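Chemist: Start from the sequences and build out the full structure, keeping to the hints where you can.
Top to bottom, those sequences are chains A, B and C.
Quick note: the first sequence, position 227, residue 227 per this note's numbering, numbers continuous.
Just remember that this note's numbering sits 1000 ahead of the position in the second sequence, which is counted from 1.
Just remember that this note's numbering sits 2000 ahead of the position in the third sequence, which is counted from 1.
Simulated from the structure, these hints should not be mistaken for lab results.
Some clues are possibly wrong.
The calculated lysine to any residue pairs, modelled on SDA-like cross-linking and capped at a C-alpha distance of 20 Å, are [as the list claims (entries may be wrong)]:
1) C:Lys2029 to A:Asn165
2) B:Lys1264 to C:Ala2102
3) B:Lys1202 to B:Pro1154
4) C:Lys2100 to B:Glu1118
5) A:Lys103 to C:Leu2035
6) C:Lys2404 to A:Arg263
7) C:Lys2018 to A:Gly98
8) B:Lys1164 to C:Asp2363
9) C:Lys2029 to A:Gly102
10) B:Lys1188 to C:His2062
11) A:Lys103 to C:Gly2403
12) B:Lys1156 to C:Val2282
13) C:Lys2228 to A:Arg170
14) C:Lys2228 to A:Ala171
15) B:Lys1164 to C:Ser2117
16) C:Lys2228 to A:Met258
17) B:Lys1068 to C:Lys2018
18) C:Lys2305 to A:Arg263
19) C:Lys2404 to A:Ser112
20) C:Lys2029 to A:Ala173
21) A:Lys10 to C:Val2316
22) C:Lys2029 to A:Val25
23) B:Lys1136 to C:Leu2275
24) C:Lys2328 to C:Val2316
25) A:Lys10 to C:Ser2317
26) C:Lys2029 to A:Ser112
27) B:Lys1188 to C:Ser2117
28) C:Lys2305 to A:Arg17
29) B:Lys1183 to C:Leu2275
30) C:Lys2305 to A:Gly163
31) C:Lys2228 to A:Leu256
32) B:Lys1264 to A:Ala220
33) C:Lys2029 to A:Ser174
34) B:Lys1197 to B:Asp1174
All figures in this text were calculated on a predicted structure; none of them were measured in a lab.
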Amino acid sequence: MNPYATPLEKVWFWAFRLFCVGVLVFLIVPILVIVPLSFNSSSFLSYPLAGVSLRWYHELFASDEWMSSIRNSFIVAPAATLLATTFGTLAAVGLTRGNFPGKAVVMGILISPMVVPTVIVGVGMYFFFAEQHLLNTYSGLILAHAALGVPFVIITVTATLQGYNYNLSRAAASLGAPPLTTFFRVMLPLIAPGVISGALFAFATSFDEVVVTLFLAAPAQRTLPMQMFAGIRENISPTIAAIATLLITLSVCMLLTMEWLRRRNEKLRGSGI
Amino acid sequence: MQKSMIGVGLCALSLAVSGLAQAADITVISFGGAAQKAEDVAYYQPFNASGAGKVIAGEYNGELAKVKAMVETDNVSWDVVEVEGPELLRGCSEGLFERLDWSKLGDETQFIKGAVSECGAGIFVWSTALAYNAEKLAKAPASWADFWNVKDFPGKRGLRKGAKYTLEFALLADGVKPADVYKVLGTKEGVARAFAKLDELKPYIQWWEAGAQPPQWLAAGDVVMSSAYNGRIASAQKEGKKLEVVWAGSLYDLDHWAIVKGSKNKATAMKFIELSNKPEYQKVFAEQIPYGPTNKNANSLLDPKIAAGLPTAPQNLEGALAVDTEFWTDHGEELEERFNAWAAGK
Amino acid sequence: MDTTPTALPLSDDGVPLKVRLRRAERSYKLRSLALIAPLLIFLVLSFVLPISTLLYRAVDNHELADAMPKTVAALDGWDGNAIPAEPVFVALATDLRDLKEAGRIGIPAKRLGYEISGFRSVLTKTLRKLPAPDAQNVRDVVVDAVPEWGELRYWKAFERAAKPYTPRYLLASVDREVNEDGQIVVNESSAFVDIFGRTFWISGVVTLCCLLLAYPLAYWLSVLPPSKSNLLMICVLLPFWTSLLVRTAAWIVLLQSGGLINGGLQALGIIDQPLQLVFNRVGVYISMVHILLPFMILPLYSVMKGIPPHFVRAAVSLGAHPFLAFWKVYVPQTIAGVGAGCLLTYILALGYYITPALLGGPDDQMVSYFVAFYTNRTINWGMASALGSLLLVATLLLYVVYGKLVDNTGQSGRK
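Modeler: Laid out in structure tokens, this is it:
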């Protein structure tokens, strides 16, 4: 800080910092607070903890409902991620190759699943999928989640492609590589960080999606968020805290992966490729 | 990584296909919670053991929209659903449920009034009543008028979010006799009267949607009184909570089994309903959760102590009111909309 | 690409260079489009089309025509001045008999009940007193048994419900209805205008709160050395990556009357009675701000990161008061980020459903809640579609503005 600051400036400086730290605390505290409660030996969601135990995790893993919902989420989310990432990456490559008439409109459509309110997506798909016999099926759920994940893949991959030097593809092509080989051997390795982060976003979207799922899924396809929604509505038990802790761990893993990818990407750019 | 993802995708597809292949089993959808656990013990397990088929249990929150979408698009994947009275009538008149052949379901004369109907078979009688926490209230409330009395009983009250049951309670609190409630509610003035009574209590109401909420709120002291399903209060009592039920002014109704129109397993579904109509299984159900049996013969099998806690016990029926399902079929939609507008601040 | 531009107008094989270039460009463009096509087709089929059916359902009115085709056909061309003639009544009786047979009387009863609330019981009454299939003077018999059929307003309501398209759901979404004389009047007992107003208001308050909290924080993060700011950024990104339901559950645990905040305040002796923080507007605001805050911080941060600090320093060195310098020099450079962040937050807030449903009371519910209510509870799909369509239009309009804003500045958020 400026050593010649007036007292008022000093007050302002510290008030400003305090405010910012306050906002950070507001952001992080709710997430941190729920973790210790999952290890509480009593059934009350309050501090101080009565004792440390894993009983709520035992209960979680012993419950058919929770386990089948976790299984369902691990069926739907990867499949939706695969669909969204494959189509999304191809389209992003097409979008960055040059301009064509109507590009803005196409881009608008591709990003729209992110902004259309999920209830509207849910109701619209509910009517439409019923007619197509996709209601209450895994396939319907996967298609819906893939559509919701697409914008994130498009955004991250186009952003990465902006740093991609198309002369590399041209060089490969001029050396006689067919387009597919060029894509898999030259372009994909270089844009991989963008593709993987897009895939992570798509995965997180599907893994967290509850509104559209409430409309489209039958009890047999009950996903983890659906089970959580029902649980929160009925009774916030420490089991919810246990599953929340597991999900927070998953978020931390995804966050670390993203950070690693970002650094890798920066390094690659820094090295002049 | 790509390969394993494709593997998972294929696995997902094959699971979707195998879901279609298990045609011999029946999917039974109920409301979940404690009642479903009791149904599992009393009906699903004996049915599975009987060799007639296997029950795949599921749950929903009583909304007919899914059933309607399935029937309309001829995409029926549920066989038997648990429904409340008004939904049963409505679904029956809109062609969502199969008509039942009662000659296959047991002796019609054995059942209480309302249990035998065109599309439904009564499972049990439940009651929604005034409940309170005896530890937190010095004086016990005795009626819905006390529920509205915020001077002598200060604090928040829980009511179910929706017009159904809430309007009846408002009229009872306003001094309408149980027998006249639906007559009054059938008129414009009566509806206005009920909403005016609700206006009085509006700032004190905390609305619940899930049946598990009232006992929790009562136990935690969030509310001093609440409307609640008697079965939920009974399970809280079992856990040692000092919750009490006021039977006078309670509303009772039946939940029914219905078969979804176009079910591919109608014959098995009929066998399931036939089994759950039998007194020996209904007795087991009432032992699990205090909801009254629909088969009159089950009462004599029950321990008198348990029978006394059921909504169908004579002393509990005194001053209680049967939900008029036909009234709610005719006016439900209109009144729920009006309730929404009222709750939204108009 | 194999030809280099030269002064020669012709390439090796004699084709004008311009033509070859255009051809090459066209095939390049076509290949680009071919790459986009699979996704576009996928999205159109699984996303755009379903949402379009929603718009269609908002005006679709086929229930009555499907359920009572004979009556609807017989009524075609009716002048509306007198009670319809015998053939219409014969058709009515036939339709009702068919409906009774099929057990589907509830479908037309429900639709007609929207027009006149007593119409449902008129149908069921008629059903009980239907004349025999070969009866004569069906009209007199029916009107005798159920006098409502002799009233013009019932037939007018029937005709309105028989049209293939109807404005009633869209009108009802803005608290309007067509009265018996065919005029559009205000429906006093409906509250959708208020509910739309509330949706816009809650979104506005949440956006404003997010901006007020995010702006200083984003500024601080952008001026800190990267090692520190990266560390603090975790506090922003972790909530961003954490499941919405986890965060909602956490807020309920914190805010409920026996919860941590009330417990803490009571232990400190600040309050005697627990504060009501959930199942009301306060809970909705707190949790929505928490959930949407990263969407505001990240675009602001990325804009601020790109602003060189020496502009403000220059202004200060020229004698401007630091606050004035900040306000006049720095803030204008962040306006694009503020606009993008606010619009994104606002658009996302408009569609919120889960958070108000779990943390709000009945007077805190936004439009989405009622879309779900009509879809699932009362199965009034026309109404659900109409409310949804209006919300969709509002969102898309804002989205177009957002697109323009982001395009013009070339800035886009990190998400």
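Chemist: Run every hint past the structure and note whether it holds.
Modeler: Verification of the hints:
| no. | hint | in the structure |
| --- | --- | --- |
| 1 | C:Lys2029 to A:Asn165 | 18 Å, holds |
| 2 | B:Lys1264 to C:Ala2102 | 19 Å, holds |
| 3 | B:Lys1202 to B:Pro1154 | 14 Å, holds |
| 4 | C:Lys2100 to B:Glu1118 | 13 Å, holds |
| 5 | A:Lys103 to C:Leu2035 | 13 Å, holds |
| 6 | C:Lys2404 to A:Arg263 | 31 Å, violated |
| 7 | C:Lys2018 to A:Gly98 | 19 Å, holds |
| 8 | B:Lys1164 to C:Asp2363 | 18 Å, holds |
| 9 | C:Lys2029 to A:Gly102 | 12 Å, holds |
| 10 | B:Lys1188 to C:His2062 | 31 Å, violated |
| 11 | A:Lys103 to C:Gly2403 | 13 Å, holds |
| 12 | B:Lys1156 to C:Val2282 | 17 Å, holds |
| 13 | C:Lys2228 to A:Arg170 | 41 Å, violated |
| 14 | C:Lys2228 to A:Ala171 | 41 Å, violated |
| 15 | B:Lys1164 to C:Ser2117 | 18 Å, holds |
| 16 | C:Lys2228 to A:Met258 | 18 Å, holds |
| 17 | B:Lys1068 to C:Lys2018 | 62 Å, violated |
| 18 | C:Lys2305 to A:Arg263 | 17 Å, holds |
| 19 | C:Lys2404 to A:Ser112 | 14 Å, holds |
| 20 | C:Lys2029 to A:Ala173 | 17 Å, holds |
| 21 | A:Lys10 to C:Val2316 | 17 Å, holds |
| 22 | C:Lys2029 to A:Val25 | 50 Å, violated |
| 23 | B:Lys1136 to C:Leu2275 | 18 Å, holds |
| 24 | C:Lys2328 to C:Val2316 | 11 Å, holds |
| 25 | A:Lys10 to C:Ser2317 | 19 Å, holds |
| 26 | C:Lys2029 to A:Ser112 | 23 Å, violated |
| 27 | B:Lys1188 to C:Ser2117 | 12 Å, holds |
| 28 | C:Lys2305 to A:Arg17 | 18 Å, holds |
| 29 | B:Lys1183 to C:Leu2275 | 41 Å, violated |
| 30 | C:Lys2305 to A:Gly163 | 18 Å, holds |
| 31 | C:Lys2228 to A:Leu256 | 16 Å, holds |
| 32 | B:Lys1264 to A:Ala220 | 17 Å, holds |
| 33 | C:Lys2029 to A:Ser174 | 19 Å, holds |
| 34 | B:Lys1197 to B:Asp1174 | 7 Å, holds |
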